[in-house]
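Trainee: Protein sequences, first through last, are from chains A and B. Every letter in the first sequence is one number past the one before it in the numbering used here, and letter 166, counting from 1, is 166. So the mapping is simple: the numbering used here equals the position in the second sequence, first residue as 1, plus 1000.
Keep in mind the hints are simulated off the structure, nothing from the lab. Treat the hints with care, as some may be off.
[Said to hold, decoys possible] Simulated restraints on C-beta separations:
| id | chain 1 | residue 1 | chain 2 | residue 2 | range |
| --- | --- | --- | --- | --- | --- |
| 1 | A | Gly24 | B | Lys1420 | 52 to 60 Å |
| 2 | A | Ile290 | B | Gly1106 | 34 to 42 Å |
| 3 | B | Gly1185 | A | Tyr145 | 25 to 33 Å |
| 4 | B | Leu1184 | A | Tyr68 | 54 to 62 Å |
| 5 | B | Gly1106 | A | Tyr145 | 45 to 53 Å |
| 6 | B | Gly1106 | A | Trp41 | 26 to 34 Å |
| 7 | B | Gly1106 | A | Phe72 | 25 to 33 Å |
| 8 | B | Glu1087 | A | Ile290 | 15 to 23 Å |
| 9 | A | Asp59 | B | Thr1226 | 29 to 37 Å |
| 10 | A | Glu76 | B | Lys1315 | 31 to 39 Å |
| 11 | B | Lys1413 | A | Leu240 | 25 to 33 Å |
[As the list claims (entries may be wrong)] SDA-like mimics (lysine to any residue), calculated; alpha carbons at most 20 Å apart, straight line:
| id | chain 1 | residue 1 | chain 2 | residue 2 |
| --- | --- | --- | --- | --- |
| 12 | B | Lys1417 | A | Phe121 |
| 13 | A | Lys45 | B | Lys1417 |
| 14 | B | Lys1078 | A | Phe269 |
A virtual CB, placed ideally from N, CA and C, is assigned to each residue, including glycine.
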Amino acid sequence: MSAIKSLTARSQYAGKKRFSISAGFLFVLPAIIFVSIFFLWPLYKLIMMSFQDFPLLGDPSWIGLDNYKEAFTDDEFKGSFKITVIYTLIVTPLLFITGLGCALLIKGTSRISILFRTVFFVPVVIGFGSAAFLWFWFINPDTGYLPQILRDLGFGDMKESWTSTMPLALIMVVLMVVWKFTAFQMIGFMTGLQAIPQEINESAALDGATGMKNLRYISLPLLRRTIGLLLVLSVSGSLLAFDQFYIITAGRPEGQTQTIAFYLFRQAFLAFRLGYGAALSVILAVLLMIISLIQIKLSRMDTHE
Amino acid sequence: MNKRKLVVKTVAVVLALTPFLALTSNANAAGPVTLTFWSRPQGENGGIVKQLADAYNATHTDIQLKITIIPANDFVTKVATAYQSGEGPDLTSVDLIYVPFLASAGALEDLSSLVAGLSYKDKWDPAHVKLSMYNKKWYSLPFTGDASALFYNKDLFKKAGLDPEKGPASYAEVIDAAKKITALGGGNKGFYFSGACAGCQVFTFAPAIWASGGDMFGPIGEPKFTDPNVAAGLRYYNTMWKNGYVPEGAKTDDGKNFASMFYSGKVGMQVSGSFMIPELTTNHKDINFGIVPIPGPKKGQSSSFNGGDNIALLKGAAHPAEAREFLKWATNEGQKVLAQQKVLPTRMDIAKSDYVPQNPYYGVFYKAAAVGVAPWSTVYPAMVNDANGPWSRLITTTIFSGEIAKGVAAAQKTAEKIYKTAKK
């Protein structure tokens, strides 16, 4: 109590800037403590673990860079890397298109727009695991609705599971993720579009830029910050994808839909090699950081023009 | 702070601490010793361990059992993490295939001296004995059994012109019966298995390999996928698949339809466990079924996967002497309780006297247990259970594609990579 009093008393003489730094720091302190305990400390432990042979049971031993060396020669890890990147490259633009499309379609204030906004948003709030299970049941050849509908429409007997061949297995997961996350992107775009002042749209309309022309020359450039943010979220979420693959495809067929997170889960919790799992996690985290930094830099660059 | 507040705070602190006083007094009290015992759900309704504990607690005043049931999925991880943080139980019942892992990690007490003093130590079934040991010492005792055998539909056999009282006794006889039953048409198929389920297949398909004396693993878990008996087994199933004797759903069944296919009455043969018997005799009385041992390539050869649990004493247990007393009971009188509750005992003598007479079908499971096998490996989850591991990859692909040599080579390579990281 008295510390703060003396700090602020001192800073009244020292000047306005000093005051805001000291008090500001104290206000942020609880958050710093929270982040340190629940994020920084575990991150530090993870990095330490990645340099050790750390079995689930028994004593860990220091092995330096051996886990990393193993990761770079691990064919299965490389394979999971490949499929994760392919998945990210497919899902990100898809979500962008559907999110922006929905935002443009229902950005009005009519009751129908509001209704559809809610309907589209419901999948976003279902947990990822639950959504994956729902979809898993939905496309199941024996009990699912979708194969039954196609059967009734005469498209064949639909006996073959859609997760047992590529690229169908990947497509199933992509469909589920698009269904789930389109509305999230939609809300982001809607907010971005609503932030564009009406006068700009009006004067653009006077110059003949409406509809697609407006979108291309006015809206999209002004949405750069929003696009940047949504891209970072979409890409990082996709690179970390686990639940949907674990539940819907379980890595089938033959591990071809095994993402990085899935592979490191297996190493840590099925092979009980926590040290190796930690090293793979660190590699993934570094990759994510680099990509996010690049994206943020790119989206910031243009707004200063 | 005024005096009143101080008094209130002191009283509050003291009251908050009294539960801890109770804990310290327990160690010196003259009351019964409580043993903590963890297990996954076992038996027909998952409640056998509780029934066992109730039976023990009712007849013992000096030792009482406190059981905790943990879902099978996370069992080993939970026990391992609890043990690491010093909060593990005294005793644990664990799926026998995890014992080598736990023993190699130094989590279990050496029970060799206890076993040496048991009059019935040569009456256990071979699979549970093998899995109890690590480096030639005993680290757990056999507890519950669960053997696999071949079920067949007697009515379909009769319709196909086969003797309904004689189940098939070799690969060739199985293939022949499957062919004749499929030829009946009307949606009938000769054989079923859950082709996308690694765990199911080690229970139902692997015995076909073991029956000839072959194995995917050596005595300490070294990968031996290149054993020619492995290829022979894969070829046997592949023959039935490519000739259409197996329903198409088998390829992608991850275990969901494991039992329901046989219950439909349209499947001639399927390997399964004794858990199917109550379901068949209660809800599918129209199915006239027989059970025989799982056949090998030649007549007279048979094997089984004898799973279930072993029971172990964790290092650092609070009451090791009392725990050992319970272990003696669990492998003796406790086995009779198991038999009464229709769980296959691991004591073969008690299985014969108490389990077999209860049901005309139980005799086959007793015989199966006598020749039963379970794979010994300190990295069993990664090798066998993992849906993306070498065993799973092998059986979910080669049985259907027929590319056996390629599949076996790939499985051996992956397995060797995993085996390099295993504790020997």
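Trainee: Does each hint fit the structure? Answer for all of them.
Mentor: Against the structure, the hints:
Checked against the hint of 52 to 60 Å, the C-beta distance between glycine 24/A and lysine 1420/B comes to roughly 54 Å, which is consistent with it. Take isoleucine 290/A and glycine 1106/B: their Cβ atoms lie about 41 Å apart, and the range 34 to 42 Å holds. Distance hint check: the CB atoms of glycine 1185/B and tyrosine 145/A are about 31 Å apart, consistent with the given range 25 to 33 Å. For the hinted restraint 54 to 62 Å between leucine 1184/B and tyrosine 68/A, the CB-CB distance of approximately 60 Å keeps it satisfied.
At roughly 51 Å, the beta-carbon separation of glycine 1106/B and tyrosine 145/A lies within the given 45 to 53 Å, and the hint holds. Roughly 28 Å separates the CB atoms of glycine 1106/B and tryptophan 41/A, a value that falls within the hinted 26 to 34 Å. In this structure, glycine 1106/B and phenylalanine 72/A meet the distance hint of 25 to 33 Å, their C-beta atoms being roughly 32 Å apart. The supplied range of 15 to 23 Å is broken by glutamate 1087/B and isoleucine 290/A, whose beta-carbon atoms lie about 40 Å from each other.
Separation of aspartate 59/A from threonine 1226/B is about 34 Å and conforms to the stated range, judged on CB atoms against 29 to 37 Å. Against the hinted window of 31 to 39 Å, the Cβ-Cβ separation of glutamate 76/A and lysine 1315/B comes to about 34 Å, which satisfies the hint. A C-beta distance of roughly 29 Å is found between lysine 1413/B and leucine 240/A, which places it inside the suggested range of 25 to 33 Å. For the hint linking lysine 1417/B to phenylalanine 121/A, the alpha-carbon distance of about 46 Å lies beyond 20 Å, and the restraint is violated.
Taking the CA atoms of lysine 45/A and lysine 1417/B, the gap is about 27 Å. The hint is violated against a cut of 20 Å. Between lysine 1078/B and phenylalanine 269/A the alpha-carbon distance is near 11 Å, which keeps this suggested pair within the 20 Å criterion.
Checked against the numbered hints given earlier, the structure breaks hints 8, 12 and 13 and satisfies all the rest.
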